[in-house]
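There are 2 protein chains.
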Amino acid sequence: MVEQEFLKKLTTKTDSKIVLLVMDGLGGLQNETGKTELETANHPNMDELAKKSICGLSDPISPGITPGSGPAHMSIFGYDPLKHEIGRGLLDTLGIDFEFTHDDMAARGNYCTLDEKGIITDRRAGRISTDKNIELCKKLDGMVIDGVKIFARPVKEHRFSIIFRGKGLVDKILDSDPQKEGLKPLDAVATEKSAGFTAEVVNKFIQKAKEILKNDHPANMVLLRGFSKMVKLPKFQEVYQLTPACIALYPMYKGLARLCGMEVINSGDTIETEFQTLKDNFSKYDFFYMHIKQTDSSGEDGDFQRKVKIIEQVDKSLPVLTSLNPDVIIITGDHSTPAVHAGHSWHPVPLLIYSKKCRFDKVQRFSESDCICGGLGRISAKEIMPIALSNAGKLLKYGA
Amino acid sequence: MVEQEFLKKLTTKTDSKIVLLVMDGLGGLQNETGKTELETANHPNMDELAKKSICGLSDPISPGITPGSGPAHMSIFGYDPLKHEIGRGLLDTLGIDFEFTHDDMAARGNYCTLDEKGIITDRRAGRISTDKNIELCKKLDGMVIDGVKIFARPVKEHRFSIIFRGKGLVDKILDSDPQKEGLKPLDAVATEKSAGFTAEVVNKFIQKAKEILKNDHPANMVLLRGFSKMVKLPKFQEVYQLTPACIALYPMYKGLARLCGMEVINSGDTIETEFQTLKDNFSKYDFFYMHIKQTDSSGEDGDFQRKVKIIEQVDKSLPVLTSLNPDVIIITGDHSTPAVHAGHSWHPVPLLIYSKKCRFDKVQRFSESDCICGGLGRISAKEIMPIALSNAGKLLKYGA
Numbered sequence: 001m002v003e004q005e006f007l008k009k010l011t012t013k014t015d016s017k018i019v020l021l022v023m024d025g026l027g028g029l030q031n032e033t034g035k036t037e038l039e040t041a042n043h044p045n046m047d048e049l050a051k052k053s054i055c056g057l058s059d060p061i062s063p064g065i066t067p068g069s070g071p072a073h074m075s076i077f078g079y080d081p082l083k084h085e086i087g088r089g090l091l092d093t094l095g096i097d098f099e100f101t102h103d104d105m106a107a108r109g110n111y112c113t114l115d116e117k118g119i120i121t122d123r124r125a126g127r128i129s130t131d132k133n134i135e136l137c138k139k140l141d142g143m144v145i146d147g148v149k150i151f152a153r154p155v156k157e158h159r160f161s162i163i164f165r166g167k168g169l170v171d172k173i174l175d176s177d178p179q180k181e182g183l184k185p186l187d188a189v190a191t192e193k194s195a196g197f198t199a200e201v202v203n204k205f206i207q208k209a210k211e212i213l214k215n216d217h218p219a220n221m222v223l224l225r226g227f228s229k230m231v232k233l234p235k236f237q238e239v240y241q242l243t244p245a246c247i248a249l250y251p252m253y254k255g256l257a258r259l260c261g262m263e264v265i266n267s268g269d270t271i272e273t274e275f276q277t278l279k280d281n282f283s284k285y286d287f288f289y290m291h292i293k294q295t296d297s298s299g300e301d302g303d304f305q306r307k308v309k310i311i312e313q314v315d316k317s318l319p320v321l322t323s324l325n326p327d328v329i330i331i332t333g334d335h336s337t338p339a340v341h342a343g344h345s346w347h348p349v350p351l352l353i354y355s356k357k358c359r360f361d362k363v364q365r366f367s368e369s370d371c372i373c374g375g376l377g378r379i380s381a382k383e384i385m386p387i388a389l390s391n392a393g394k395l396l397k398y399g400a
Numbered sequence: 001m002v003e004q005e006f007l008k009k010l011t012t013k014t015d016s017k018i019v020l021l022v023m024d025g026l027g028g029l030q031n032e033t034g035k036t037e038l039e040t041a042n043h044p045n046m047d048e049l050a051k052k053s054i055c056g057l058s059d060p061i062s063p064g065i066t067p068g069s070g071p072a073h074m075s076i077f078g079y080d081p082l083k084h085e086i087g088r089g090l091l092d093t094l095g096i097d098f099e100f101t102h103d104d105m106a107a108r109g110n111y112c113t114l115d116e117k118g119i120i121t122d123r124r125a126g127r128i129s130t131d132k133n134i135e136l137c138k139k140l141d142g143m144v145i146d147g148v149k150i151f152a153r154p155v156k157e158h159r160f161s162i163i164f165r166g167k168g169l170v171d172k173i174l175d176s177d178p179q180k181e182g183l184k185p186l187d188a189v190a191t192e193k194s195a196g197f198t199a200e201v202v203n204k205f206i207q208k209a210k211e212i213l214k215n216d217h218p219a220n221m222v223l224l225r226g227f228s229k230m231v232k233l234p235k236f237q238e239v240y241q242l243t244p245a246c247i248a249l250y251p252m253y254k255g256l257a258r259l260c261g262m263e264v265i266n267s268g269d270t271i272e273t274e275f276q277t278l279k280d281n282f283s284k285y286d287f288f289y290m291h292i293k294q295t296d297s298s299g300e301d302g303d304f305q306r307k308v309k310i311i312e313q314v315d316k317s318l319p320v321l322t323s324l325n326p327d328v329i330i331i332t333g334d335h336s337t338p339a340v341h342a343g344h345s346w347h348p349v350p351l352l353i354y355s356k357k358c359r360f361d362k363v364q365r366f367s368e369s370d371c372i373c374g375g376l377g378r379i380s381a382k383e384i385m386p387i388a389l390s391n392a393g394k395l396l397k398y399g400a
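These protein sequence lines map, in sequence, to chains G and P.
Counting in the numbering used here, the first sequence runs from 1 upward without gaps.
Counting in the numbering used here, the second sequence runs from 1 upward without gaps.
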């Protein structure tokens, strides 16, 4: 596997265009019918494309490893996910248009419900409305503790971002969210000595928040996780010489795309508006990352049929994309989220790469079992970008 | 490929059970009938399992590299064999219950036959009986040379272990065994300056042994190889949070298993008693490494039909294993030992991983040619453990 530093020397600017369509959690598992979600779905447009493409399976991190969406996306974008760790707090915060500085440390927050004994009875406070969330964040926003300014910003439903701004903050802190109900919230513990002051500030904030929210049942407490400061990633512009755009509906994915240098385009609210956004902006960029969230959410919910329907819905919109004639089209997932598993999993992810220059294989249908026999074989997701760039004529020869 | 240090952070203790069945040297090559040993053998139970499993091929080290059993096993156990080199002397010695200390250096010994000119005419001294071996080891045992105490311990037939015990021994020494007949035994040569004293002691021992054995034709000389001191491996308990057991008949494999933290269970003398041992101890451990030696020995002997028979014999016992309903079953070899090649080879090894959570493929028969089209593709043997752990629910998600 080559490093981005190596690739960087070979990239060249051209007019060709690449579209990377990521159906989050695309990979599945067979249910009682013996077929996966992708095998069950009717997706003639993807199949038509598969016939002219090269297919295979990809591992987001390494065989057997189940990734979160953060590291899984890093891989697809060609970054080594073990080298560039992106905390959840940072990701969520980048997704909400907050002006994040190098003095800032963010955490992902959940409003939760505590009972009289201080035990968590609902980690999501009954998924309170976003309006209620906005109201609660106003109560917590603007505090200053030991010289550290605190920002509380709503995300969606029970989810919010907390940003601590001050000199010398260190993000080596364990989550206060125990990730289980029936337990008490944890103290934020520093895992390195240098993070001692930061942990103190965080714990003081948590105590104040508890006090402030005590009468706001069911959202009477906060749980924080994924403490993270800004990371500096090489940008798509410099590494790949691309002018990249992001078409996504969910904050986290927009945030990740921004970190990589992508411009985030307003993409409406639905899968259809996402495809329309691609059409409307096709002339302005040479790389498009399109993200479909619902394949993952339905998988997480264990809803096999809904995931099938989402795949079919994407397929119906696919001609909007193909009729634009991009030079390279990639269809894949960031990881697998099989409905029968109701969560992210380690299974490799179906992958299709179309270009006029690909050496197409015998795959006639885009599915896990067909991709096994595809010409790409089983590759690391980090290898998708180099293959796409070469197919787009954007990578020069290495050596004489 | 992720490192064990990385995996360690993701492992979690559960009640699920993993059985790893290693048929040593399993991979084969087609003979004049056009079929390999595994393709020729009748193994309905393995095939039945293959239908519910995910199959593939694995490379013990890297494509094209022929491994010894030591590094090949390291890979299957999830260790990087290039990082953790295990000398043959150490392995053999660990297999015979010798109390090995950090002051010890071991070598694998062969009793051999020299002619009047000092030329090796038989590297195995006609495979003398183990009783004769015991008698000869008594003659060599207990010597002290330059303050270094020497232990001679019989293994089996012509094979024995020599252990040198003293301060400052360094194992950077070349073999005295030229691995060929028609040559004289070699001097033990230090490859690093720090091993000069050790090499001297070894050469003095070899000369004394020659003198002592001169009238013991055909076993009138010793050949030493694989000089090795103790290595410290991360244990299965700490890396994988497993409680592992080893079911094996041959010393070397028991020794290797012990190095990894496995408890070695007395397993009788036959393939059948090995399976019975699994049954009898199934409740006590959550990971079982079962080793079948005879597939390798028959391959080494170039005996195609005997290797076929051994595979069929293992298949007959397989229901003892499957009826225990382990959560994960792995069937593979440590490397290939094709009978037509009469030795270890570089060919990738057939691999089957069964679990209720595997995304099964179209493989209907467990064989090299079927495994090529399996859903695992061609992976590194080091990836078997992460995949098995995930399938057993023993690996947490990486990142958010």
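Any given hint might turn out to be false.
When the alpha-carbon atoms are kept at most 35 Å apart in a straight line, the in silico DSBU-like pairs for lysine-lysine are as follows [what the hints assert, rightly or not]:
(1) K193/P with K138/P
(2) K214/G with K83/G
(3) K83/G with K138/P
(4) K356/P with K208/G
(5) K138/P with K309/G
(6) K167/G with K397/P
(7) K8/P with K293/G
(8) K132/G with K397/P
(9) K193/P with K184/G
Just so you know, these hints were derived from the structure itself, not from any lab.
Please read all numbers here as calculations on a predicted model, not as lab measurements.
With the threshold set at 35 Å, check whether the alpha-carbon distance from K193/P to K138/P stays at or below it.
The hint holds at about 32 Å.
Within a Cα-Cα threshold of 35 Å, do K8/P and K293/G meet the stated pairing?
holds (30 Å)
Given the hint that K193/P pairs with K184/G, test it: the Cα-Cα distance must not exceed 35 Å.
Status violated; Cα separation ~61 Å.
Regarding the pair K214/G and K83/G, is the alpha-carbon distance no greater than 35 Å?
Outside the cut-off at roughly 41 Å; violated.
Below or equal to 35 Å on CA atoms is what counts here, so check K132/G against K397/P.
Measuring from Cα to Cα gives roughly 31 Å; hence the hint holds.
Are the Cα atoms of K167/G and K397/P separated by 35 Å or less?
Given that 35 Å is the threshold and the Cα spacing comes to 32 Å, the pair holds.
Taken at face value, is the distance from the CA of K309/G to the CA of K138/P at most 35 Å?
violated (77 Å)
Taking 35 Å as the top limit, are the C-alpha atoms of K356/P and K208/G close enough?
violated (47 Å)
Are the Cα positions of K83/G and K138/P separated by 35 Å at most?
violated (56 Å)
When held up to the earlier numbered hints, the structure conflicts with 2, 3, 4, 5, 9 and fits the remainder.
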